[in-house]
Amino acid sequence: MTDISMSQPSGSYTVNRKFDITSAEAQGRIRSRYRAEARFKSYGLLALGITSVFVVILLADVFVRGLPAFWQHRLVLDVPVAADAFGAPGSVDAAAIRGGDYYPVTKAALAKAIPGIESRSAERQLNRLLSTGAPDILRETLVADPSLIGKTVKVPLLLSDDADLYFKGAGSKIVSRVPRGIATPSGVTGEVTVLTASNDFADELATIKRALSVRAGGVEREAGRLQRSPDKANQARAVELLEVAKALRARAEQPRGEEPLDADIPSVLVEINGGLVKATKLSDSAITGEVLLPLKSADEAKPANWKIVTYVTPEANRKVNDQEAAFLERLRSLGVVESGFNWRFFTSGDSREPELAGIRGALVGTALTLLVTLALCLPLGVGAAVYLEEFAPKNRLTDLVEVNINNLAAVPSIVFGLLGLAVFLNFFGLPRSAPLVGGLVLALLVLPTIIIASRAALRSVPPSIKEAALGVGASHQQAIFHHVLPLAMPGIMTGTIIGMAHALGETAPLLMIGMIAFIVDVPQSFVESATVMPVQIYLWSDLPEQAFQAKTAAAIIVLLGFLFVMNGLAIWLRKRFERRW
Amino acid sequence: MSGLYFGTLAVLMLAAFFAVRSRAQALANVAAAPGMRDVRYSLHSLPIYHGLLAATLVLLPMLIVFAVGSPIVIKMAETQALARLPAEVVSDELSRGAALRDLYNILTGKFQGEASAQLKGAAEALRSATSYGNWIVFAIGVALAAAALFFSIGHVSSDFRARNSFERIVKMVLFACATVAVLTTIGIVFSVLYETLRFFFDPALKGRPTVTDFLFGTEWNPQAALRADQGDIKTAFGFIPLLTGTLLITLIAICVAGPLGLLSAIYLAEYATPSFRAWAKPVLEILAGIPTVVLGFFAALTVAPLIRGWGESFGLDIASESALAAGLVMGMMIIPFISSLSDDVINAVPQSMRDGAYALGATKSETIKQVILPAALPGIVSAFMLAISRAIGETMIVVMAAGLAANLTFNPLDAVTTITVQIKTILVGDQEFDSAKTLAAFALGFVLFFFTLILNVIALIIVRRYREQYD
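Protein sequences, first through last, are from chains D and P.
No gaps in the numbering here: position 439 of the first sequence is 439 in our numbering, and each next residue is one more.
No gaps in the numbering here: position 282 of the second sequence is 1282 in our numbering, and each next residue is one more.
Everything labelled a hint here was simulated from the structure, so no lab data went into it.
Be a bit skeptical, because a hint or two may be false.
As the list claims (entries may be wrong) - With a Cα cut of at most 25 Å, we get these calculated PhoX-like pairs of lysine-lysine:
| id | chain 1 | residue 1 | chain 2 | residue 2 |
| --- | --- | --- | --- | --- |
| 1 | D | 394 | P | 1171 |
| 2 | D | 296 | D | 281 |
| 3 | D | 232 | D | 209 |
| 4 | D | 151 | D | 112 |
| 5 | D | 319 | D | 281 |
| 6 | D | 246 | D | 296 |
| 7 | D | 173 | D | 307 |
| 8 | D | 107 | D | 168 |
| 9 | D | 575 | P | 1075 |
| 10 | D | 41 | P | 1281 |
| 11 | D | 246 | D | 209 |
| 12 | D | 246 | P | 1369 |
| 13 | D | 41 | P | 1171 |
| 14 | D | 466 | D | 394 |
| 15 | P | 1171 | D | 466 |
| 16 | D | 173 | D | 209 |
| 17 | D | 296 | D | 112 |
| 18 | D | 209 | D | 281 |
Stated by the list, open to error - Ranges between beta-carbon positions, derived for each pair:
| id | chain 1 | residue 1 | chain 2 | residue 2 | range |
| --- | --- | --- | --- | --- | --- |
| 19 | P | 1121 | D | 379 | 43 to 51 Å |
| 20 | D | 432 | P | 1135 | 55 to 63 Å |
| 21 | P | 1404 | D | 152 | 26 to 34 Å |
Bear in mind that the values here come from a model prediction, so they are computed numbers and not experimental data.
Glycine included, each C-beta is placed from N, C-alpha and C at the ideal position.
In isolation and in its complexed conformation, chain D is listed as follows:
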């Protein structure tokens, strides 16, 4: 790098250092240094980029999952309410309305919408489409307006979670096709054969053969994996699977002939004469299957009057089976399915049925818990901050208190839960699951945060304010409580709101003190069993029903909304009242 020449005669002490920054070598070095610089800078940008992308994906994921749960599908049915069930006409008994059994009424209304269902299992499936809470909606309507009794009421009845999800797109892609030939059904209910004059089902047959060969491939791969395993039982199983695959391939390669359908391949249905037949056996020119929706007649149908319908997603991969899907499609074509905002989500408590579950109980529980927390930790935190900042003598004890507060801020939250369990529940015998105890634990948890923030706020008030007050004869406490503390209040408030936002999102310590119970009723007092938003989210996320996933995400959206508002408020307070001295 440096070319030191020592050829000069001694005497005049000059070292000829040559920094040739124009040489190609030096230019190269500089270029590589600048490249390193750009690289290093881009690492930083990349790190920030990855973090931002993660935040965006997280929020987008929650919103995509959760937003559909704010809408709900209902069936607006004509429900005839017979007057004789509630005592003499004209004198309707309020208690009888409240105590009435409305399940048969809604059942009858549904049967009227889709008539002609004879089989018991089909009838059961039809009734399962309505939520178990649907009769209660009718009850509420009648209690609110008893004059409706004896009339036919149009009531939006809640659908079950699976039916609701079906309308939200969790069902199947449905392809329908107009055929060429004339079709003749062999009957109107039960097991029916539909014959066509031309080979109308050839396409469906080809599709199914393709599906079979795909399935055979899957089985072969599974067999190959098992063959490689050292386990003897697995190898035996692989041999069996290969046989299965061979049979599937044989079926797939046979060009014609009747093919049985099962739940693992797309369902083929025929819509004819106002009814629907689901194929269980399929050949080029005929299907045999069960009637899902009864036919009006067994007359032959012209090509324009019948259709071949395919539910592309195999029945085994859906929550809603073909029978239920047929009912739901029929209801949709009748125009009685209505989508509306899910107010129930905000007005009802928890439930085992996803379509009935709401967050009201959790919201009230959160409010009660945070009220206790705020009432405790604001005075305690500010008091402690004022004492430590203004009155505490500088000695080892104060030092210890300081270190202790800093350490307490870093103690895992679940340990506070253990404290609550051992001290508040077992020692003091306070009630389990109560907002009072939850609030106590959270208050201790956020106390260090509030003390630290309050002390910073007090310290930021210039000493000249206090000195001026002392100078005109105020006592030390008067100077602090009349002058310093009011000026520090915006900072203290900001810290408190951030602390409360922290408490709002805290889950683990509340699990320890039992705020995890399944509670349907909205809590009314500080000592009743309650749950809070984050715990409700945790509870729902654990449930197997798919609809609860959307509910969980929706509850998360509400929780994030509250956090957003609280943090926004803190930022606004800081901007509005912050003073630079």
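Dock chain P against chain D, hints included.
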């Protein structure tokens, strides 16, 4: 009853405040009257301080009487009521508790079925004894308050230093506030320590392990302790798999958050323009503000299936509750933690050091790597330690995304469990408080508390010892 008590308390406080203040005001008016302007007669303290002191003197004794008196009343009433029940009913702690619950249910009308005459008699005794005792407490409280009231009224005089006395009380109250934090720490240490000692040394406890078994055992299976008669139960409380599981997830988290957080902090502190900072900081703040239960939901429902799917496409068999998913999301959780702490530390390095490096011809990245980072190293190390302690103590992400099976493995694709997951699993739901299983959770809590405490203390010491005083 407590409503009446505190209602009376409020009335008496207000009465004391207004009576004493107006009396002091009257004295002040006399002193300020024309022709009387003599400093010897003017009040030492403002009338409001006389009033405040009087109200406080009413408040304190009544509060103390209530806090001490009502537990005593409850205890005595319960003893009296239980004495009316046959001896075999109240022989042990458990049945005494059940009997008391029955009695209270009878009193509140929530008793299921028909109560026996004996039970009804005991309930009646409980009710009358409670109300009798409460009236005594009430009488004592009111008497003391009245005494304080008359004392205060009698003490209003021009040279009574009401303000000084009041301020002394205020200062004591403030001191009490400051000690709450200390009491919390003491409460944590003692509650956890007490149960932990019982776990190891209580001779009445069935299936308790020795300390060595706990610290060095390689099998964790608290459920086994329930079947005390079956098999070798002492191996059930081996702590090592939980430790390795916790460390594995923490390691993954730090591998994610360390580089990302530190590089973000460097970029924000050294390269970013103010407008870029104004955009990037809130992103990190949003991440910091997301509740961990939300991150757990994301980890369990989105990240874990994604990783599993990727693994399958590469022919890897990944557990659906793999350590990797939990560790990745936990790493994301602690990024803002590391970046904001490191950002502060880097900003605290004086500008003169940067200027010196630039003057020598160093590029920005060379300055950062060779000057700023070495100077900020203690702070950065402590930031990492605090982040590690946060990751070890984090509960919800691992509860939702990591498994329950205590596998002793370092494979990030396997399911592992952590200390916090086990505490939560043991303590949530039905628990009998005297089983080794429940106490094991407290022992784990004890370990967790001291683990994190030591990390925090080391972080503090590093900062204190190596903080170079530049300016």
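Here is how each hint holds up against the structure:
no.: 1; hint: D:394 with P:1171; verdict: holds (16 Å)
no.: 2; hint: D:296 with D:281; verdict: holds (22 Å)
no.: 3; hint: D:232 with D:209; verdict: violated (33 Å)
no.: 4; hint: D:151 with D:112; verdict: holds (16 Å)
no.: 5; hint: D:319 with D:281; verdict: holds (23 Å)
no.: 6; hint: D:246 with D:296; verdict: violated (43 Å)
no.: 7; hint: D:173 with D:307; verdict: holds (16 Å)
no.: 8; hint: D:107 with D:168; verdict: holds (24 Å)
no.: 9; hint: D:575 with P:1075; verdict: violated (54 Å)
no.: 10; hint: D:41 with P:1281; verdict: holds (17 Å)
no.: 11; hint: D:246 with D:209; verdict: holds (14 Å)
no.: 12; hint: D:246 with P:1369; verdict: violated (65 Å)
no.: 13; hint: D:41 with P:1171; verdict: violated (53 Å)
no.: 14; hint: D:466 with D:394; verdict: holds (19 Å)
no.: 15; hint: P:1171 with D:466; verdict: holds (17 Å)
no.: 16; hint: D:173 with D:209; verdict: holds (19 Å)
no.: 17; hint: D:296 with D:112; verdict: holds (15 Å)
no.: 18; hint: D:209 with D:281; verdict: holds (13 Å)
no.: 19; hint: P:1121 with D:379: 43 to 51 Å; verdict: holds (45 Å)
no.: 20; hint: D:432 with P:1135: 55 to 63 Å; verdict: violated (31 Å)
no.: 21; hint: P:1404 with D:152: 26 to 34 Å; verdict: violated (54 Å)
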